[in-house]
Structure formats: structure tokens, C-alpha cells
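Novice: Residue strings, one per chain:
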Amino acid sequence: MNWKKFLIHALCSTIISCVAALIFNSFYHAWVADFSRIINSVSIFAVYLFMNLFYSFAYMIGEMWKGEKSHPWVNVVLAILTFASIFFMFLVRLPLDIPNPELFPGLAVPLLLFPLIGFYTLLPFFKGMK
Amino acid sequence: MKRTKIIFGFLVLLSISAYAAVHSIYWTVKDDTYEIKFSGKKITGNFKGLKANIIFDEAHPEKSKLSGMIDVNTINTGNGVMNKEAKDEDALDVKNNGTINFVSSAVRKTGTGYEAEGELTIKGISHTIVIPFTLEKTGEDVTFKGHFSINPKEYHVDKVNAKQRRDMPDKINVDISVPVK
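Just so you know, the sequences run in chain order A and B.
Quick note on the numbering used here: the first sequence kicks off at 1 and runs consecutively.
Quick note on the numbering used here: the second sequence kicks off at 1001 and runs consecutively.
Simulated from the structure, these hints should not be mistaken for lab results.
On a predicted model such as this, the values are computed, not experimentally measured, just so you know.
Heads up, some of the hints might be wrong.
[To be verified] Derived, one-sided and incomplete: chain A residues facing chain B with beta-carbon distance under 8 Å: (1) Leu22; (2) Phe90; (3) Val92; (4) Arg93; (5) Pro95; (6) Leu96; (7) Pro99; (8) Glu102; (9) Phe104; (10) Pro105; (11) Ala108.
Ideal placement from N, C-alpha and C gives every residue a C-beta, glycine not left out.
Bound conformation, chain A alone (with noise of 0.2 Å):
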């Protein structure tokens, strides 16, 4: 098993969807609202790093059980975690002396896409790979 393939995947997975999401964060502070201090360039890139050793650990479980093979099923359950946890989203409280917390999810659950994404985006370039 090369742990190793599935840590790379998962750090240059992290890079990509960091400048996605804070690209993104960036022209929602200046159009839309401000939370910077709950989604910043820090606590965006610690969860998508958590995120993304998350999938890789998935996906090196799965190829240990059933090789590539078992690809399809792990992006089916990534997939449904990932789209669970977006409800998480629109029970969080925000602080009370950040106004407009109705458009929080605007911002959030967009952004909790990005890892999943970025993932998907770079598995075909570690297919195969040894």
C-alpha cells in the first residue's frame, strides 16, 4: 500500500480547493456579507486539510479491501457524507454581534463542496499510480 500517493492527493487536493474557496470567500465578503471571522484563510485551509486526509484515508481503506474496484462505492459514500453534513450548515449559531446569519449557508455550504471537488478533480491523475 503507498500511503504515500494518497497523502500527496490529499495535500495538492487541499491546495486547489483552498484557492477555490478563497477566491469565492473573497468576492462573497465584498458582494454579498462578511464572516470573516468564522471562514478565513486558516479554518478554510485546517478543515480542507481534515477533509481531504479524510478521503484519502477512504479511499486507501477501500483500495486495501477491493483494489480500484471499490472507487465507485467510496465516491458514493464520500458523496452522501459530504451532502449530509451541508444540513450542519444552517444549524450553526454565529456569533450575536455578526449580523445576517440567514446568509451564512450562502457562503458555507458552497464551500464545504470545494474539497470534494478539488479530490474528484486530481483522482484521475493518481489512478494507477504506484
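Given the structure of chain A, go ahead and fit chain B onto it with the hints provided.
Specialist: What follows is chain B alone, placed relative to chain A:
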């Protein structure tokens, strides 16, 4: 000519002192730094959108008159879904009752500060309440601070969450801090 100047100067001094006396009774909310917070079991939040008329004389509190109006649409619980539900018909019913009002009928001095007795109106239902408050002075900064509790069910604010039918607690604490000038 000299006598005219003296009379004019006297009149100016008189008008300045009259203004100072009036200003110490009539207060206006200083800026947006005021806080109107509420808290109860599983509920916290605040309101903005305060409009207040404050006539308060420390020397003669019985001559004072306090009134305030809060725009219910400005409620913030920190969660967008809860904000929307707080405005629903079973909760604060913003559609039919957009403001919360208080008008004092008597202001008294107490051992620890003052208290204002008056009508609190929520959802168009009025009850007499007593709000204990203090007047805190730090340099030139003056702040009215008060704390009281209400039973929201007395005002037919029955549900926290109209859809899930979660009951409102029997007691909501309200903390008010209003800087004035």
C-alpha cells in the same frame, strides 16, 4: 450702549444655562452600540432598531418619562433559520406586530438605582412590568442599564419554533444597556 451689551450678555448666559438644564433631562440614544439582549432555556439573541424617548431627571425621577420601541425584524439569534422562525405567527408574528413597545407610567428611585413601571406591549398584548435600572457614568459617558424577566407566554409568544412545535420557556431574561448623550 454699554448697558445694552450687559443685558445682551446676561441673556446669552441665561439661555446657555437654560439649555444645560434642559439637556440634563432630555437624553437621546448615543449610537448603535446599545445592547438589548434576551436569554432563556436554549434561546439567546438580541435586538437592534431601538427608538427611544428618554426624559429622565436624576433629582426628580418621578417627573421622568421613558418610552422605547424595538423593530422586531431586527431580531438576531445567531442563526438564520431561527431568526425566520422567531418572526413566525406562533412566535413574535412580525407580519401583524412589527414592534415591541414600552411606555413608562412611573419612575421611582430605589435603594440600588431606579425602577420604571410601565406597559410592555408584545404582539399587541400589554402587561404592566417593572424595569429596575441604573444610570452609570464614566467620565462623559452615560449609560442606562436594566435587567428584567418576562413570561413570553403571557404575550402569546408560545413557540420557539413554529414548525417543530418546540415550547417557549416560561422565563426570558432581558438585559438592556443604552449609552445616551
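Novice: Take the hints in turn and mark each one as holding or not.
Specialist: Tested hints:
no.: 1; hint: Leu22; in the structure: 24 Å, violated
no.: 2; hint: Phe90; in the structure: 6 Å, holds
no.: 3; hint: Val92; in the structure: 7 Å, holds
no.: 4; hint: Arg93; in the structure: 4 Å, holds
no.: 5; hint: Pro95; in the structure: 7 Å, holds
no.: 6; hint: Leu96; in the structure: 5 Å, holds
no.: 7; hint: Pro99; in the structure: 7 Å, holds
no.: 8; hint: Glu102; in the structure: 3 Å, holds
no.: 9; hint: Phe104; in the structure: 6 Å, holds
no.: 10; hint: Pro105; in the structure: 7 Å, holds
no.: 11; hint: Ala108; in the structure: 11 Å, violated
Checked against the numbered hints listed earlier, the structure breaks hints 1, 11; every other hint is satisfied.
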